[in-house]
Every structure is written in structure tokens, then in C-alpha cells.
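Chains G and P, in that order, give the protein sequences.
For the record, in the first sequence the residue sitting at position 112 is 112 according to the UniProt record's numbering, with numbers rising by one throughout.
For the record, in the second sequence the residue sitting at position 83 is 83 according to the UniProt record's numbering, with numbers rising by one throughout.
Please note that the accuracy of each hint is not assured.
[To be verified] Here are the computed lysine-lysine pairs in the DSBU-like style, where the Cα-Cα straight-line distance is at most 30 Å:
1) P:Lys289 <-> P:Lys299
2) P:Lys179 <-> P:Lys70
3) G:Lys65 <-> P:Lys184
4) P:Lys110 <-> P:Lys70
5) G:Lys175 <-> P:Lys299
6) P:Lys155 <-> P:Lys110
7) P:Lys172 <-> P:Lys70
8) G:Lys175 <-> P:Lys301
9) P:Lys179 <-> P:Lys155
10) P:Lys153 <-> P:Lys70
11) P:Lys289 <-> G:Lys175
12) P:Lys179 <-> P:Lys169
13) P:Lys289 <-> P:Lys301
14) P:Lys355 <-> G:Lys175
15) P:Lys153 <-> P:Lys172
If you're looking for bench data, these hints aren't it; they were derived computationally from the structure.
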Amino acid sequence: MRIRNGWAALLLGVPLAFMAAFFLVPFVVVVVASFQNAAGEWSLANYARILADSYYPNVLYTTFKLSLLATVVSFLIGYPIAYYIVNVVRSRAGRRLCYILVIMPLFTSNIVRSFGWIILLGRQGIVNATLVTLGLTERPIPILFTELSIVIGLTYILVPFMVLTVAGVLQTIDKSLVEASLDLGASRFVTFAKVTFPLSLPGVIAGSLIVFTLAVSAYVVPSIMSGGRTVVMAMSIFEQYGSLFDFNFGAALAVGLLVVTLILIALSLFFIERQPSGRQAVQ
Amino acid sequence: MSDGFIRVERLVKRYSDLVVLDDISLDVAEGEFLALLGPSGCGKTTLLRSIAGFVDISGGDIVIDGRSVKHLPPNRRPVNTVFQNYALFPHLTVAQNVAFGPRRAGVSPKDIAAIVDESLTTVGMATFAGRFPSQLSGGQQQRVALARAIANKPKVLLLDEPLGALDLKLRKQMQIELKSLQQKLGITFIFVTHDQEEALVMADRIAVMDAGRIAQIGRGRDIYHAPSERYVADFIGDANLISATVAADRTLVVAGLSIPAGHAAPAGAEVTYLLRPEAVTLTCEEPPKASGGIVVRAKVKDVVFIGGAVRVYAVTDGGQEFIAQQTALAGATEFGRNDAVFLSWHCDSGQVLTK
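Using the sequences and the accompanying hints, generate a full structural model.
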């Protein structure tokens, strides 16, 4: 089927115009604002202020540390779930049910889910009540409003993205490769370590990138689960825009976060790409 | 050679109500090349996978070298498989693929290098050791899959239609190579195929399978010339198969002719008269009457030239269709459609099949 040039221009032009109006323009506005002072003159003062003392670098460090933790925990929880859905559940209906269960949390708002965690993790919450009842601890341990509770909240929201991405790749792995490995004398565990896992790495990398970037930019979960005691970048940015109305400094923080995130992702991909795909898998 | 190196005893495999393997017993001698031949769905691959350990069998036993392997997982059985789609590990090089088995067996790195080199040399792929499977053609992948399987020095090599994906010319070449490789290594081969010619070319013995059972097992020659039943005769080679009833005087009426039925079937039995196309002689003139000779008039319906031979489809006056195959030397009589011809054969060439 051939599309006439006029139609092609229209079909391409509408989404392009949409992207330009609602993505590119705001982005450029933010970048421009970050290089201006309150009076609208060009200035690097906003960036100088970020680096002026250790406060914002520390916030940035906390943001990446919590995001990385959330990514690692999402992998540790999400990979087995994905493996279970793809390789253990036999029936098609069972797999469908599992997928629905996995994405179910996404049907509810982040805010509602975070408040759910507050009920669970609080001093009188189910978790502490259980620990005390079992005699594992004498007094309730502080979980809520710590970095741990932020990681728990982020992981809970982000695991579905890891599961879906990893499952997508696990599904494409030819079952006869697993049989070939068993046939050649490898145990189930060695087969997983030498065949299934290396072949699923692209899914793990893609899932980790999605989870990490979503965690870095998360606002609702950290602000509720931290109780204001821990600050991540998204909270600082929102504070500048929403409370202090310093759009220029807020923009500089946003651009700073974006640039550092991009650099981190680029570096990690660079190191992954450098690994010869085979060698690390064999020995 | 000792008999019953591999013994399959009364093997049954059921998937809920569906019986895939129905009470199969089979003995394979050490160093033998056995082909499991049958159409798709006959259970040949399930039988092979049962021996490899990928199928939970419902009943019976599998004994390899005097030891029941029924309860052993695939990785503990002394067999290796060449898979239909080769199943090479895409993230490993050719050498790493071949080294996979010996490495699992705990062979020292130095010996592994020697084994990899030897195995790849055996299949003529030594110069490709550093490549990845995606960089190889189908035929090359096939050879690597073979090298990977023999690197483990298995007692039995199971091959699941390994030549199915190759083009005809390469397939014929690989048939010969596989056969000589098997003779050189002395490993027992069990080879699954739906291609009767492939089975005839390579195998010492052929087990013809039908709907979960072994219809006949024996040398290709014996199966071709003395099939046990109509199904086997039909599956191996071309055949004229004519349904008939044994008369009270122990004769069959085939194409309006009375033919002695032999002693295989009692009077009144429904039987099949088998006549191989190459046993039928085609002439324009009526051949002289000879003792035991059978002659019938027919009309040519179709002629197919197949290179070394010509296959003639002819219909007798009574409406019975026959296939006759004649060697087609240059200058031999050419038959055309609607030619009146005589079909003749010796009564010993025909066989009466009771099943």
C-alpha cells in the first residue's frame, strides 16, 4: 500500500507537532530557565548554587543510592516471578492470571498505595505487631519514614516493570536450549546459570534501566514514605517550583538530575557492552 | 557386539487420554545404527525423547548398558542428543558450545581443548572454533551440533531429524558422512526420520512406527522385500497394493486374474496383494507364456520420467490401476498415454499381506 505524500506528511506531522508542543518546548523552556537568573539575564549562578555546598550533591547521592537499591531489590524479587510465570506455570490461563496479578498494583494511584504502606509499616502496623508478637523484637523497630521504607515503597511500585521486561525476554528463549544443556550433563542449576540467565541478560538490563530511571524521578512515593526526613531530588525540585517559586533554580536542579542520570546510564551500558557476550557466561 | 545394549521394555506414554507410545519393546545392539521411521505423529520423536529423558514415561522401562535409566534425569543419562533445530547456545562460540559437555563432566581445561579440537576436526569445523552460531550456515550449525554431542563420548547418540532443515544435496552428503562417522566412532546411533530414503541409506536396521507402535523392525532390505503389513509396504518404497479376498480354492482374484494365495491366509480372509512397481514388466506385445508368469492387458494412463527410470501408471480392462517402473536407458521403448500394453510379472514377486 502506498501513501500519498500529503497523507504521509499529515500522519507524521501530527504526532511530531504533538511531541514538539508538549515535550520539546517545555523541555527547552526548562533548560533555558536554568541558565537565567530571576531577572531573566543569562547566568550560571543556579548551577554554581547546586555545587556551592554539599547539600544538593548529598541529595543527588541519596537519590541514586535509593534508586540503585530499589533496582537491585526489584531485580531480586522480579526475576524469580518472571521465571516462575514463564517456565513453571503451564497453562495459558494461569500465565494470564499471573500477569494480571503483577500489573494489578499499577491500577491504583501511587498515593493510595503509599498510604497503604504507612499502615503496614507504622509503629502499630502489621509488620511491627507481628515482629513483637513473635518475640523477634521487644519494641517496634522504626521502619516507616526511613530510607528503608522509601526503598520498599519504590520497589513495590517498580517490580511490575522488571517482571514484564524480564518475562518478555525469558519467553523468547528456546526451550530446546535448556534441554540441550541438560542433555550435555548440566544440572538444572548449572543450566540456569550458564544458559538461561546469560540469555535473559538483555531483559535484565532493559528492566533495570526502566526501574532505575523511574526510581530516580519518583516524587510521590519518597515524599510520603520519607515523612520529610529524607530528601530526594524530585522533592527538592518540587519544593523550588511549588513552594519557593524559584523556577530558575528548580530548572537547574532538574537539568542537573537529568544530565547525571544520563551519564550514569551511558557509563553502565558502556561497561556492559564491553563484556564479550560469551566469555562472562562460560567462566 | 552384545545384544540388547539398549533395551526398551513395554514402554507406554500417555498424555491424559491420548496414547502416544503403546507398549513398545525394542532392542538395540552396541554400535548399531537404528532408524526410527514413521510419519509425523507416530510417536518416533516421543520414543527418542523418552530415551534422552525429556519425557516422563507412563509405564515400562528403559535399560542402557545393563542399567535402568527410567529414574535418571537427562543430565545423568549416558546419551547425547542432536536436536532437530540444533539448539546451539547462541551466546557461546563454537568452541565453547563443544566444550559445554566436557566442562560439566569436570574434564581438565587442557583435555577440554584437545577434545574440542578433535571433535571439531572430526566434523570438519576446526577453523570455525571462534565463531558464534549465528555466523554459521545451517549445514555448519548441524556439524557443530554433532561435534558438541560426540565431545561427551556418549554411549548412545540420539538424533532427532537432524538433516530435516538442510537442502537436498547437502542432506545426501550428510547422510553419507553421518554413516561413516558412526562407523568410525562405533557409537550406537538412534536416528529419527520421516524420510524412508534417509533411513534406507544410513541405518543398519529400521523400526517402522505407526500410531505409537512398532509395525516392523529389521534390515531395510528385509522390510522392503518382506513387509509385515500393508502399512509398512505402503510406507517403504512405492507399491501396488490391491485389496482382495482369499477364495475357497486358495486363490486371489486380482485384476480379473486368479493368483495363487499361498499359505499365509485362510479362505475367506481379506488380504492385500503387494507388488513392487519394478517387478512389473511392461511390453507392447503379449509376452510368451511362461510357468508362473502372470500377464494382464492394460492401457497407459500416465508416464512419469524420473531420471534413471520411468514410472508408468496403467489401468487394466477391469479398472485396476497398476504402477510399473522400468529402467529408462536411452533408446528404450517410450510409452505414451492411451497405449495398449501388457503388464507381466512372476507370481513369486507378489506377496499376500494378511494385515
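Here is how each hint holds up against the structure:
no.	hint	verdict
1	P:Lys289 <-> P:Lys299	holds (20 Å)
2	P:Lys179 <-> P:Lys70	holds (29 Å)
3	G:Lys65 <-> P:Lys184	violated (61 Å)
4	P:Lys110 <-> P:Lys70	violated (34 Å)
5	G:Lys175 <-> P:Lys299	violated (55 Å)
6	P:Lys155 <-> P:Lys110	holds (23 Å)
7	P:Lys172 <-> P:Lys70	violated (35 Å)
8	G:Lys175 <-> P:Lys301	violated (50 Å)
9	P:Lys179 <-> P:Lys155	holds (16 Å)
10	P:Lys153 <-> P:Lys70	holds (21 Å)
11	P:Lys289 <-> G:Lys175	violated (65 Å)
12	P:Lys179 <-> P:Lys169	holds (16 Å)
13	P:Lys289 <-> P:Lys301	holds (25 Å)
14	P:Lys355 <-> G:Lys175	violated (41 Å)
15	P:Lys153 <-> P:Lys172	holds (25 Å)
Of the numbered hints stated above, those contradicted by the structure are hints 3, 4, 5, 7, 8, 11, 14, listed in ascending order.
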